[in-house]
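Undergrad: What follows is the residue order along each chain.
There are 2 protein chains.
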Amino acid sequence: MSGMPSLDLSQDVVSLTRTLCDIESVSGNERAVADAVEGALRSLGHLRVERDGDTVMARTELGRPERVVLAGHLDTVPVNGNWPTRLEADRLVGLGSCDMKGGDAVALRIAASVPQPNRDLTFFFYEGEEVEEERNGLKRIAAKHPAWFDADFAVLLEPTEAMVEGGCQGTLRVDVVAHGTRAHSARSWRGDNAIHKAAAVLQRLNDYEPRRPVVDGLQYHEGLNAVGIHGGVAGNVVPDEVRVSVNYRFAPDRSPEEAEAFVREYFAGYDLEVTDLAPGARPGLQLPAAAAFVEVIGREPRAKMGWTDVSRFSALGVPAVNYGPGDPLMAHTQDEFVQLAELRECEERMVAWLTG
Amino acid sequence: MSGMPSLDLSQDVVSLTRTLCDIESVSGNERAVADAVEGALRSLGHLRVERDGDTVMARTELGRPERVVLAGHLDTVPVNGNWPTRLEADRLVGLGSCDMKGGDAVALRIAASVPQPNRDLTFFFYEGEEVEEERNGLKRIAAKHPAWFDADFAVLLEPTEAMVEGGCQGTLRVDVVAHGTRAHSARSWRGDNAIHKAAAVLQRLNDYEPRRPVVDGLQYHEGLNAVGIHGGVAGNVVPDEVRVSVNYRFAPDRSPEEAEAFVREYFAGYDLEVTDLAPGARPGLQLPAAAAFVEVIGREPRAKMGWTDVSRFSALGVPAVNYGPGDPLMAHTQDEFVQLAELRECEERMVAWLTG
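Chains A and B supply the protein sequences, listed in that same order.
Numbering follows the working numbering, in which position 350 of the first sequence is assigned residue number 709; successive positions increment by one, without gaps.
Numbering follows the working numbering, in which position 334 of the second sequence is assigned residue number 693; successive positions increment by one, without gaps.
No lab work stands behind these hints, which were simulated from the structure alone.
Just so we're clear, the structure is a prediction, and the values are computed from it rather than from any experiment.
Please note: incorrect hints may appear among the correct ones.
Identical copies look the same in the list; a pair holds intra-copy or inter-copy alike.
Unchecked claim - Straight line, CA to CA, 20 Å or less: simulated EDC-like cross-link-like pairs of lysine to aspartate or glutamate: (1) Lys556 with Asp534; (2) Lys556 with Asp635; (3) Lys503 with Glu619; (4) Lys503 with Glu492; (5) Lys556 with Asp566.
Excised from the complex, chain A in its bound form (with noise of 0.2 Å):
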């Protein structure tokens, strides 16, 4: 372990993230900052560590009754004119301080100042979260070693301006597409033109009503969109294809399956193909260790719209929530920061929740 970068982790929460941020660590080159995370938590000593890749688990064995997942990604976008990090009065400003360096130290704080929680812990830091899913360390961990998931609750430090955001919408990708006949344009009534019939796939999105469910005691706002339109054959050419790329982003209380037959009835006599399909996750905030949750931190809890990798706890049956520092908003903005007392208020209500 020797060259590896020094991590202190009984430094401030605010000088913790900074030195995260400042381990550069886009997608693809978390190797650095994984190894600062691993030597830190092994020296700790009172942790399990494993380390699979880029990602790290480490763990409490102290046979409480309840065990609890605290989660970050190691990994950012790419930089952007925006790294290495600088400290404004109330704020750190720079790449991975709001997505999700900050929550990252926040479960650091926790790992080495919480020798003695009042439930077990798992901590995850993993890579390959901002790419392709394929290159997801949960993703890859959940398949290889799933007794690592065995929790009854996970947090996911994901940014939420420190409120628990419950849950996430499932998202589905599917091409519309529209057949006609080719023909010279000179000539045009001898074709069909395909892109023309796209008008009524069109106009069927801006007729889209959303749903609004409330899923155990949180309002989804659900969403229908074109995100992509393409077609044509040459600047002369009657085009005999048009494909629509429409995305339906659906509350966790419908599955994957009924979102797939939602959209195949909503876009009924067009072909179909679906591209991407990921289900959502109810917030479960109702679980015991979720309300218990909620109710130290004493705030609100609000729905996540997004996506996020809550839905990979919820499939593997642990309820999951987002809750950490930083303005899911700002996230890959070249502009992102956190704000100081946001970090020090999730390390204090975490601390609370773990030790009360």
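Given chain A, put chain B in place with the hints provided.
TA: Frame of chain A, contents of chain B only:
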């Protein structure tokens, strides 16, 4: 001129067509066929021959009161498993047979066999018709040697099934652009989907009723078609722009300015970017030179829907028609062919017109 492919203009029109086809001349590779044509025309002795690039011009200078142009392009679309040609019972099959070595052969037969025509003749054999307009030999010559175009009438020997096709429709291409506001598709109500706005653009295309005006006695048929549509940022983003490429084919009673004004009015409320605009050509069949030609050909003339180089003559004040062997619907197809009877009929009728 040694080493140049020999071209015997005394062979019959069928053999001559086949010989021309089998000198491969995909656009950009017209040198060999232009050399062969130039050599054969120079050897005739009764023509003044000029060469510019791979365009050959030849003319009689007999002091006749009327001068007519016969023109054909020497290039073909790419080889597509259909070269060299093969002779079947009643047709010649293969690349260039229809578009338009058959027409070139008819013109070359006249150059060789009618040394004393009743009208002075100007022949053009030119390169670069099947590719971007900048490479078109006639376009270059019109700018560089406009005097070569002095004439009372022009016949472009493009395939028309041996019918006189008068004038041509103009063509206008515009991008109709709709704008919106980006958002993450998980929170789509924060954005404004540009692709959804294309519904109204496509609906206007569906509602379009084509004009079918009669111009100088011939009925045209307009068309307004989407030839391309493109929009989309990523699979999880509500897109902020969509671009519909629309091609308007307009009858020659409308000027390019009128065509553009029509399209701007038709898509009022959207941004429009003109990407291509070429005028049509009135058939001009009431003019004496054209009327005499139609009478000798002896078939009912019809309107030309597609844009052709007749519009270059028309723009220089020379009425022009399309007339040649081959079915225009077979042009650019792998299976292109020309009927031997049409080759012979075209030669016979044109000889009759120029010697009667």
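Undergrad: Hint by hint, say whether it matches the structure.
TA: Hints, verified against the model:
{"no.": "1", "hint": "Lys556 with Asp534", "verdict": "both (14 Å within a copy, 18 Å between copies)"}
{"no.": "2", "hint": "Lys556 with Asp635", "verdict": "neither (24 Å within a copy, 25 Å between copies)"}
{"no.": "3", "hint": "Lys503 with Glu619", "verdict": "neither (29 Å within a copy, 63 Å between copies)"}
{"no.": "4", "hint": "Lys503 with Glu492", "verdict": "within (15 Å within a copy, 60 Å between copies)"}
{"no.": "5", "hint": "Lys556 with Asp566", "verdict": "both (16 Å within a copy, 12 Å between copies)"}
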